[in-house]
Structure formats: structure tokens, C-alpha cells
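Protein chains in written order, with the numbering used here: chain A, 1 to 452; chain G, 453 to 875.
Read the hints as simulated data drawn from the structure, not as lab findings. Just to be clear, a hint being listed does not mean it is correct.
Stated by the list, open to error - No more than 27 Å apart at the CA atoms, straight line, and that leaves these computed lysine-lysine pairs for DSSO-like:
#1 K629/G x K7/A
#2 K246/A x K301/A
#3 K475/G x K364/A
#4 K737/G x K430/A
#5 K246/A x K408/A
#6 K187/A x K139/A
#7 K575/G x K629/G
#8 K796/G x K123/A
#9 K123/A x K629/G
#10 K39/A x K462/G
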Amino acid sequence: MINRKIKPESEKEIFFNLPEIQEETLVNGLRIIYIQKEKLPITRLNLMIECGSKFNPVGKKGLSNLTSMVLDEGADGLTALEISDAFDMLGSNFTVNSDDESINLKLQTLTEQLESSLSIFSKVLLKPDFKEQDFEREKRKILTRLLQLSDEPDFTAQRILEFLVFSENNPYAYPSLGYVEDIENIKIDDLKSHYSQNFSPSNSYLVAAGNSEFEDFLKVIKPHFNNWNSSAVKSELSFENKFEKKKIFLFNKKDSVQSEIRIGHSSVKRNIYSFFPRLLLNTILGGQFTSRINLNLREDKGYTYGAFSSFSYLKDSAFFYVSTSVSNENTFDAVNEIYSELQNIRNGVSDAELEFAKSSIIKKFPANFETYRQITGNLATKVIHSLPNSFFNSYIDNVSNVTSEQVKKAAQDLILPDNAFCVIVGDKSKLESSLKSAGMDIIEVDDKGKII
Amino acid sequence: MELLNLPYEKYNLNNGLEVILHKETSLPLVSVNIWYKVGSAYEQKGKTGLAHLFEHMMFQGSENVPKEMHFRYIQEAGGTLNGSTNFDRTNYYEKLPSNSLELALWLESDRMGHFLSALTQEKLDNQKSVVANERLERYDNQPYGLAWEIVLKNLYPEGHPYSWATIGYLEDIKKYKLEDVQDFFRMHYTPDNAALVIAGDIEINKTKNLVDKYFGSIVPSLQKKEPAIIDFRINKNIVVEHLDNVQLERLYLAWHTDKIYTDDDPKLDVLADILSGSKNSRLYKRLVFDEEISQDISAFQFSGKFGGMFMIISTAKPGIALERLKQIIFDEIETVIKRGVEDKELIKTKNSIKASYIYSMQSLDNIADRLNMYNFYLNEPNKFNFDLLRYNKITNKDVSDVCRKYLSNPFVELRVISSKKNN
């Protein structure tokens, strides 16, 4: 008979070979970063052009996104439908999107179709048509999409929080998709200038993972990117953080049966020194299922399906936030519990919590390199935050070396309940009574976060 | 394709537990994946949502695993874990560094064989509240979040195992007592109603010994009844209007089709892709691209053990009547029936399906779950190639034939109307 009381221990240490990061810069300045992974005949690549929404000119919020939407709607004689068909015929997945930092052209393909896929890919990159009718159609599409998204409580809550935690002159305060009134004013020439001013090899990175040798990958890649020349220059931006006293904001979404909650504040940029204490801090506070916030709000109180916290790292800034959604009657108790958790963690964490978090992060490390998507994602993070090549190799040591004093200091420096804004998207009429009895001052905002 | 030919060993323990082992050593990881052959289709009217609530209870600890520790032990070992419930089955899975396989087997066997003694009223009340919030978050408070439930309720007759959504009705969830959960466990959570897949960096013989050590002594107690399959077709169109807190109106059309892995099942997948799977698909091109009267369009075949349905969903642009969308959708259906589809469309769809099969092989969790899925529906885990070949042999005529056979029949039409318009 076995003794079920005893938890089995793990066997001897496993051996994991971190894949090698290989790099090359083409003569035109395009940096290529590659990891070979042999398991399947797949190649995945992501061309990141640093001209995301934070570079949108004043009054043109949404320009970068609209540019990304129109980019593959016609190029070098191929129509939108022909481009789409050509990729589909090859079984390749191709998408273009824009985030805060960059416009991203992403391709997943069977390696045998890499060459053919790239010949279409490079047309989209180098010779987009930017035709008036395609522009108008995509513009109408994004305007309707914004209308549609305004129904979604999580989108609205996140948009309001990000608007409030950054100062008004910080472009990270604004959603990548833009605002209706700005988009209505965007002209096709704005897209053409956004393209010509930013699309250049020296302003871009190509991160990739595939089963080929790096040499063979380069042989296929080079002919498609070597002729890319442009004088566009890279822009540098930097922003101050803003901290104000804690406030509670409400967007009145009538007939909501739940309150969508965000609590957060801006934070210092990600950098090597404070990253690992911060990672452990957030893992203990709200980064996973067994973190303090979820165990309290879900497993103890039953207020929610889930509650999590995160540091959101942007290239030139960062913010910290907690997110959850709860029923109307528990809204204010949940908000109070979150603020107490933020306060409590500033008193430090126990050794057991720290050991648990370290173990979980360290032992999970090999699984972060399982899929081609994960690998290109890791490479993209490395590029955005200018992480050294040794980042992944020294990752485990860096996690192991964090002390509980460092976590406590990180908590005191970086978790600021007295400066954390709370955003609630919910039905005011259903929240009003508990709102009054809790004695909380509520500031009403519109769906963009502007005070009414 | 050799890539999709997965070696495995399958055998049964004396207590009836099916075991499937697949060795794959590219990373030092192992996936443990258990399917219990019970889903919401095994519930009854008035007692909906129990299979899913039960899935939550399985994470609340067992005789030797205190509350919260199931999650904690796996995360401490560097693993990820979850479970899911659908109409036909409930699965539980974890992926860990391969040196922690024994931990996963200990945890899974403890809740399979030693669950009831750790079940308490307090845990149940807590998870009823969590599930109620899950329902609010994912259905009631989501735009269009109730549409799926409404379509099912109208497409299937009362009492059909697919006539309610897996999440269940709130009033049912609130009523559950400890003994409902205990009875459900005794009826369905027994080794002879489960299949265990272990895939990854394992040694076969050692793994067999571990499986025997942890699962071998669990006593079976199978008493389950299969749901009565009601073969039913609606005989006239059903139109339902639903007011929702949304800006844009949306049309849902649903037809009865055939069950999973029947001959017509893959043909309907191909039809769905030709109608809406890409920019140049028929409905997308016409509604979204050319005429710009829809914001989005999707079509899919949904199939399970007890039934199947084909659905088309489209959101109208502001100011466009749902009737216009409907007209064009039926116009295009008619064209497929009368004039068939082109070779190029069919090849495009087949190529996409083939490539997405290969892409899906990247994740060990997915491979483990597929081995269980094929074993569940086809009684043979290594059916990857078979699954893909189902699509290869489909002809143009097959596509127009299934379109005629199913999409000319009576259907359910759900119109989600904006409640804001009337304010």
C-alpha cells in the first residue's frame, strides 16, 4: 500500500538547454534576431517597426492603427483580396497590427512556404498602395469597431484606467485604436506620411523562430529585405510619471449586472535592476491563481471569478494595476479588500511565500520556450526593453538571488495604495446605496476617463 | 504525414481506467490530461450547471490535499493547470517539468479516489458564489453574452442534452446541495469512466509503475446512465428577438446538422470556411468588404456526441436592418447550392486546415488533449492523420450537397436588438 499522506518529491534536477540567440544586422541596418527550434517544420517571424500609437501626432490618435489596417489592403498590383488569398493558399497566417510601440507584421508559415510567403510579405511592407477606397473602408470599419467595443466593460475600464494613470501629454494615456473624433479627421495623406517617416530598416527589428539553421533562414530572408532602404529616422521619447492622491472614478454603464474594477497607478520603467524583485513581488501579490489577491477575493470571499495584478511594461513607461469583476452588491467590499492587500504587501512577504514564488518561476522557465509564438514573444520583449543577450541565461540565477528585503523594498517603492486610482464600470443606480454607506467620494467620468 | 503519426501505448487498469502513454522528448516537460466521460449533456432540466460546478469542486482539495494546495503544489513545481467542461466531457490537465510527473499522478489520483471526505458545505458555498460570478462575467454582463443559451434553448427540444448551456442557469446553480455534488461524484467520477493521457518526456515502464501505484487501488463505482438521444428536427422556422445592452444589432442563424466524426461533419467545416473563413470568403467579401453592411461574420459547424448544428453570426453596421443581412446570407447559400464552389476555394480551405493542424502540434497540452479526444470519440488515440484526411477527400459536390441537405431546412433565427434604441 502506498502512503498517500506523503507528497511525492520531484526527481533529480532536469537538464534544459536554452536555445541560442543568433543575430545579424543587414547592410541597410535591419536587425535580425533568431532562435532555431527544430521540432516542427514551422517558421514564425515578427517584423516590428517602431512607429506605434505613441508616435501619433496631436489630434490624430488612431493613425498608427489605421495605417496598419490599410497596409495589407493592396500592394504592388495585388488587391486586398488577392493578398489574403495568396497567404491562405500557402496555409500561412499573416497579420498586421499596431500597439503602443510598433506596427507589427507577423507571419506564421510552414518553412517550405517561407520563400513564397515572404514574396507577398515584402510587397506589403515595401509597396503598399494606400488607395483611397481601401482607406475609407478600413476607416469605417474601425469607427464601427470602436462603437462595438464601447459595449465591453473590460475594454472601457482598461481604457479609463490608462487615461487616468498617465498625464495628458503622455501618449500611453490613449488607446492604440484611437478616438472616433480623431479618426474622422485622419486623411489618407496622414497614413502615407506615417509610413514614409517611419518605415525604415534602421527603425525596425525582425524577430524569428524556425526549424532551419540560421544561415539557411538568412539566405531566404535577405533577398526580400536587402533592398529596403529608407532615410526615416528613429524617434526617442521619454515621459515623467504622474502620482496623485487616491481617488475613485465611476463610469455609469446602465443595466450592468456586474462592476468591472481596475485599481492602479503609473510605475517606473522596466530595467534589469528592479525587474526581478518586481517579478517576485507581483507573483506573490496577484500574478497567479495562488497569489494573495485571488485567494482572498475568490477562494475566501467568493466575490469574483478571478482577480489579478500586473506590472504592464511599456518601452518608455510602465503601470501597475489590479483587475477583477464582481457583482454589484460586493463592489465596495471588493475595492476595500484590494486596497488592503496593496497596503499589506508593503509590510513584506514571508520566506515561505518567496520560496514558493521562486520555485514556481524557476521551474516553469523551460515551458516558456515551448511554442514558436512564445519564442518570438520572448525575443520581442528583449528587443523592446533592450535586454542584454545574457538575460535568458542569467534569468534563473537572478530570480534565485532575490531576497525578502529586496521584495519588501520593491513593495514599498512600487505598490502605492495611497496613489492608486480606482476605476469602476458599473450601474450607478445599483451601486449608489453601498457607495453612500461606505462614505466614498466618487468622481464620475465618461467612457474615455474624462471627468464629467 | 509522419509528423501526425504519434506512437502510443494504451491499456486498461483492472479498475477500468484507460491509460494512454505517448513519449515525446523535445523538452523536459510532461502533460497529464484526464477526461471524465461526463459533461453538461448528462444533467437534467432544473439541474443544469452541475458538471461545471463540479469541475470547480475538484480544485478544492481531496483527502490528502488541503484546500488551495492542489493549485499550489503544481505551481510550486513550475507547472500550469486547468480544467474545462463542455457538453460531452470534463477534462483536467497539468503540464509540468518531467521530473514532477509523480506529483501530478498523486494529485489526480487523490481527487479521483479520495474526494468525498474532503468535501464541505463551506467549500461548496464558496464555489457556488465563484461560479455565479463567472456566469455574470462571461455571459450576463457580456454584450451578446446570452445569445448562445437562447439559440440552444430554441434549437433543441426541452430535455435534449444540448438544450441548455454548460454554465447552467443561475437559479439551478444556487440550489445545489452537498448531496447533489456527492451523488454526481459517485455516478461519474470513477476510474472506469475516465481516460488518463500522459504525454511528454517519460520513461514508459517507469510511468506504468507510477500509474499503477497511484490509480491501481481506486475502486470503481460506475452507475451512470447515458442521456436519451432524442433525434429531433425543428419543422418550422423559429424567430426570437432579444433586447440587449448593445450598440450594434446582431443576427444568429442556426440549423440542425450531424454529430461529430460523421461523414458530413468535415464537409460542414469546409462549407463554413468557404462562407466566412477568410477575407475573400463568400459572406465576408459580400457583407463586410463589398457592401459594408456587416461589421463581422462567422460561420461554423459545432458538433458533439449527441448532436450538431451549423451557425452563422453577423453583426450589422449601424442603421442596417438585420433583414438585409439575412437576405444576402440566404442568397449566398442558394448560390452554393445551385452553382457549387470553385476548385480554388476548396484548395485554399484544405491548405489552411492542413497548415493549422501542423501549427497545433506545437503545444504538448494540445497533443495530450487530442489523444484523449480521439480516444473518446473514435476509440483510437492516434487519429491525427485520419482527422486531417477527412478533409482531403472532400469534393466540390460534397460541399454544395451538405449545404443543400442542412441549410435549406427550418432554422432558428435570433435577432439581438439594441435596448438603447428605445431609451
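So, going through the hints one by one against the coordinates:
no., hint, result
1, K629/G x K7/A, "violated (31 Å)"
2, K246/A x K301/A, "holds (24 Å)"
3, K475/G x K364/A, "holds (20 Å)"
4, K737/G x K430/A, "violated (44 Å)"
5, K246/A x K408/A, "holds (21 Å)"
6, K187/A x K139/A, "holds (10 Å)"
7, K575/G x K629/G, "holds (11 Å)"
8, K796/G x K123/A, "holds (23 Å)"
9, K123/A x K629/G, "violated (63 Å)"
10, K39/A x K462/G, "holds (24 Å)"
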